[in-house]
Each structure stands twice: as C-alpha cells, then as structure tokens.
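Can you make the complete structure from the sequences, with help from the hints?
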Amino acid sequence: MNKILLIIQREFLNRVQKKSFLLTTILVPLIFPAIMGVMIYIVVKQSEVTNVKTIQVVDDSHKFTFKDSKDFKFKVITGSLDAAKVAYDSSEDFGLVYIPPFEISDPKGFTLLSHDNPTIEQMGSLEGYFEEQVRNMKLEQYKVDQATLDALKTDISIRQVTKDASTGEEKSSSSGLIYGVGFVLGILIYMFVLIYGIQIMQGVIDEKTSKVVEVIVSSVKPFQLMLGKIIGIASVGLLQFIIWIVLSFGVTSTVLASFGLNTPQKQMMEQVSKQVDQADQNSVESKAAKNEDLQKIIFNWSQLPLAKIAAVFVFYFLGGYLLYGSLFAAVGSAVDSIQDAQQFQFPITLPLLIGYMSLFIIVLRDPNSSASFWLSIIPLTSPVAMVGRIASGVPNWELALSMVLLIAGFLFTTWVAGRIYRVGILMTGTKVNYKVLAKWFMTKQ
Amino acid sequence: MEALSVKNVTKRYTNHVALDNVSITIPEKSIYGLLGPNGAGKTTLIRIINQIINRDAGDITLFGEPLQEKHVGVIGYLPEERGLYKKLKIGDQLLYLAQLKGMSRAKALEKSKEWLKKFQVTDWWDKKVEDLSKGMAQKVQFISTVMHEPKLIILDEPFSGFDPVNAKLITEEILGLRERGSTIIFSTHRMETVEDLCDDIALINRSKKILEGSKKQVKDQFRSNTFLVEHHGNSFSLDPSRYEVVKQRLIEGDLYATTLKAQQGIKPNQVIRELIEKTEVSSFQEKLPSMADIFIGLVQGEDEDALRKHLQEV
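So the sequences go chain by chain: A and B. So for the first sequence, our numbering puts the first residue at 1; every next one is plus one. So for the second sequence, our numbering puts the first residue at 1001; every next one is plus one.
Only true hints are included.
Heads up, simulated SDA-like pairs for lysine to any residue below, C-alpha to C-alpha not over 20 Å straight-line:
hint, chain 1, residue 1, chain 2, residue 2
1, A, 85, A, 95
2, B, 1215, B, 1225
3, B, 1111, A, 6
4, A, 211, B, 1087
5, B, 1089, A, 17
The set of hints was computed from the structure by calculation and includes no laboratory data.
Now the structure itself:
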C-alpha cells in the first residue's frame, strides 16, 4: 500500500513539476476568456465607429420618402438611371439603388449597383430598410395603425414544471438549461478521459521503452505500478481541472469587468441584456420581458439539484477515467511505441466516442428515452451519457444501477488490463495482435 | 549458511518449459556464476527469484526463510534490459528506487549522497538521465541496484555496454560488496568474468541445470590428468601402460610440445620425475580445461566422457 502511495506521489510530481503542466494549466483558462475578450472588443469597437455608407437612389416608383438609417445615408438622384450610373462612377458613394415602379403587393426589381461587394450584413440592413418602408405603406393601405399592430404582438413563455411521481414535489425547470448543463458536463468527461487516458498510455510506453520497468517490478507488483500510475495521473487531472475552473472563472470575470460589466453574475447578465436592448431599439421584446427571462434562468438554476449534479459529475468523472484508464495502460504495456498503439487504441476510444456522439444525437435531445436509459446504464458509455441526463432528473434507482455497474465495470477492466499489463511490460520486440493479448491474459504468473 | 536455495523449480509456458526441475544452492558471501546460452532459462530463474513472475512448482529459500514479498528489499537486481527514467533527476531517481525497495527517505538520501560521493559525481544530483552519457547512466544504474544495501545482488550481464574503465570500477565495487557481506549472482556468458570473479557456478541449458559446483570442483571434474610438456628432442619413451602420448608437435628447432595423458593416480610430481630422466624438459603444465571449453562442450551436447576426451585435445 505504502508503495502505491510512493508511485502515486512520483507520477504526480513528475507531471506537475514539468514546465508544460504549468503552461497548459495557465494558458488553457486564458484562451477562452481571451477569445471572448477579443470578440467583445471587436463588437464594441465596431459599434463605436459604424461606418455610415452613402447610397444614391434613383426612385422611379416615387413612393418613398428617405430618412437616413443607422447604417445608411440616402441621396436621392433625379434624372434617368443611365445618367445616374455614369455619375456614380465618378462618385465615392457606396452604392446606387434603382427602384423601378412597382405594386405595393409585389415589390420587385430593386437593384443595388456598387463598386465593392457589399457584405451580408449591409445587404440585410438595406433590404430591411426597404422592407420596413413597404410594410408601413401596406399598413396605411389596410388602415392599420402602429398601436393596433403593437397590441397584436404576443409573447408567451411557458413555465416548465416537473412533478416527481413518487414525492409529488413540483419543480420549475428549463429544457434549455438542462441541455446546457448536460452538454458541458458530458464534453468535460469525454475530454478528461481521453486526454488523461492517453497520458497513462504514454507513461507506460515510456517506462517500457526506457527499460526501467523491470527494475520497478522487482520492487513492486505490476498491478501496484499500474494502479499507482492511473491514480497519480488522475490526481494531476483533478488538480489541473480545479485550477482551470478557478482561473477561468476569475479571468472571465476580470475580462468582462474590464469592459464595464460588473462581476457578480446576476448583475453581469442584466448589464448584457440592457446593452442588447439599447443597441436593438427595434426589438419587439421589451426590456421587462428580457429581465423576466433572465430571472427565469437564475430561478431555474437555483432549482437544479446542484449538489447532486456536482456529486454525480465527480463520480462519473473518476469512474469513467478509471474504467478507461486501465485499458489505456494495457494498450501501453502491449506496444513498444506510440505508433504501434494506434491499432489497439481504436477499439478503446470507439465506445467513448459512441458515448460522446450519442450525447448530442440522443441523450441531450431526449434524456428520458430508452436509448438514453441504456446508454447511461452500460458502463462504457455511462460516464458521458449519465452526466448528460442528470440535470433533467434521473430516477434514483437508475442512478444507483448505473453507478454499481460502472464500479463493477472498472473493476473488471482493471482486472483484465492488469493481467495483460503484467505480461506486456516485460515483452519487448514482440509483434502483438489480439491473439497474443488473449494469450497474455490467460497466462498464469 | 546458504544465501539462496532453489529446489526443483519448474516454470511452464503454453508452448514450452522454461525451467525444468532446476535446483541450485548459493553459498553466502560468494560470487555465483549463473551460466548458459541465450534462451536457456537464466532470466526466467532470475525473475522468479525476484518475484516478478511466479514458479509453477518448487521451493525457494532466501537466507533460511521461504521466499516472500518482504524479501524484495533484501535483493538488488540489475536486469539485462535496464534503464532509468529519462526525464527524472538523478537524485530523485535514486531516492524513488531506494524507497520502492523499502528504504526510508532519510536513509535513502544519506546513502545516495554517499554513493555519488564515492563515484566522485556529487554534482549529478540535479541532472537528468537524458543529459548524461551512457557510461554515466550506467554508474547511476549500478548505484540504484546496490544502494539499499541488499544482501543478495543479482547482476544480469552487468558488463554489457560498460566501457573497460567503468567495468573495472564496478568490478572493484562488487568485490567490496562481497567483503562487506553481500552474496552476488552473476548471470553471464562472458567466460573471462567467470574465470576472474566467480567462486561457484551453475550451467543451465535448455531449461535444465546440467552442472553445478565450485569453480575448482567443476574443473577437477573435467580434469583428465593431461599434461603439456615442452622439451628438446622428439624421442623419449614412457611406459605405455601408464602414459599415452595424445599428440606431439614441433615448435622450432628441436623444441617439441607433447600432450601426455597419465593414468589416474599418477601425480604431476611423478610425471616430472620420470620425464627429466628421459628428456630435456623446457616447460611443464597440467592442462586444466577452461570454463569456456567446458561451457561450449556441454552446451553443444557432449556427454562428460566425450567432453573430457575433447578437452585433452584442445
């Protein structure tokens, strides 16, 4: 036992003391906030220096009265289109719009002539401008005033409530929030298992190729060495993960704060929604409605069983890692180089990948379907699938069954992997296929 | 007292028997040569003694106790396939390996500094193995094998890859360790090592032990009372019922070399006495078989009598 602790400690220190650990641990949480920061910066800058374009208009329909919009300044040209075209060539203006005579019910034939290709946003804005003008003409034609129109606007938001059949307890929920929580947690587990699983494999291959392994197994049992390595790397992963969460949170808050958004999440989101409202004056949704949405999110967030989700997440985080970690160790023990490892790596990553894909295709879309149920029960896919479902509320018996099976699963894979590992690490230069692996597994020692 | 006793140990794999009823006895404070061609089963036996793999049958006792897990710390093992953690500092490496052998951290620290000082390489503590030359890494490897003061040291081809300077240094250390009470097992097929260092040997071939004993016993076993005489003039006659001239060749001028086989019971002194009456003796020596000859002969499947005959003629 003492020796396993020594190995865990060594494996942990080996990785934590590396410069690359420090680098990735600090850089990764900086990358996302940095991208966010750059994007916000660009958006803010752009809205500050919106380039108002001048558009020349030849209006043969004589239906419009032009008011400048936030993107465009209109300059009405009288005279023929051909003359206007010739004049446009020598002007610096952005474009020339030709409006032919048209029926209000069927507006067509509008043309934009420009020197440079307009962007999608510019086209959208220009089209939007004309659409609104024509719409107003129609309203007038049908004798509808703006007040009536506003009164017609309807916004219904359905409050979701789930009722637990056994306890009769009712809870507010939000499928969007549930989706988001499942999405993030599922991806985290998938990434963690894959990244650190491959680290285990790499570590085993290193020990094998540097030939230090025979010295080590003359001091400790191969199984102890394998377990020590798996747990040691897991603790590196956990540490890194915790640092990431703390740093990401801290840095994100700092970045947002530096753009004038206050740090506490609630205030921050209110600020964002206010800004959105201000920027978007034509928005149909009122500010009040926005705030209501936000309150709903915060309310629903508080309604989620956060402690339970966190506990379940940590369990599947570790369970999934241990289940796959020992398999990665077995693969590492069987080969002499990382290149050789690929053929054996595939069948291991396949179920992990299936779990990951079905997270999007099945589990998040319908967490309570029978496919989701099975995916979250079978140990190979359950780590990703179960955390994808957990926020939507999983019956306790399903959770218990899945957890017991995951523990059984990882004991089983560790046992199988251990049997292959103990033989594999002492075999160099053997050409390994599945038959050989089976033979190693059957070997008594 | 015996340091190690292996009795009737057998190890089977699916397709072959790696060790077939092998027994060896290693006296305490001796240097014991475990010989045999590649694939004979030496490494399997060594791994069984190190408890890296299990035996199918047989008993092993180490210093009077049945071999068990706690003995890991009593043994120091330098495998043929050896190496160190490339990215780990020498100091950490030595501490780690010694602690895995059951040494306390404080003791390991003291011992590793002591050994680095002994090899005059105290400045290596913070270096990584990948920054060392091969010879330097070998020294570190040797230190890691012996620094936990094992009573039994198993060295599998210890000199392979060592340059002569390091080989000499290591040889001196090995002899020193024996002086201080360690028992040493050499697994090798370098016969000069065996001739120079080993007190006792065992020869393993095709999973079986075919020979064991002290170096002297083994040589005596293959001794055939054959003498090599250099003398002047080719004609001398000895009693043909007691002596047999195996071969004679001219060296130069009238100097000849004759190989004589004397009957059992005739002592070298008597041979000399009879020879000087008959001829001018220039040199005289008993032909003792070299370990290499015995090794090759036995491994090539000769039985003892054939080998003895073969050895006379070499």
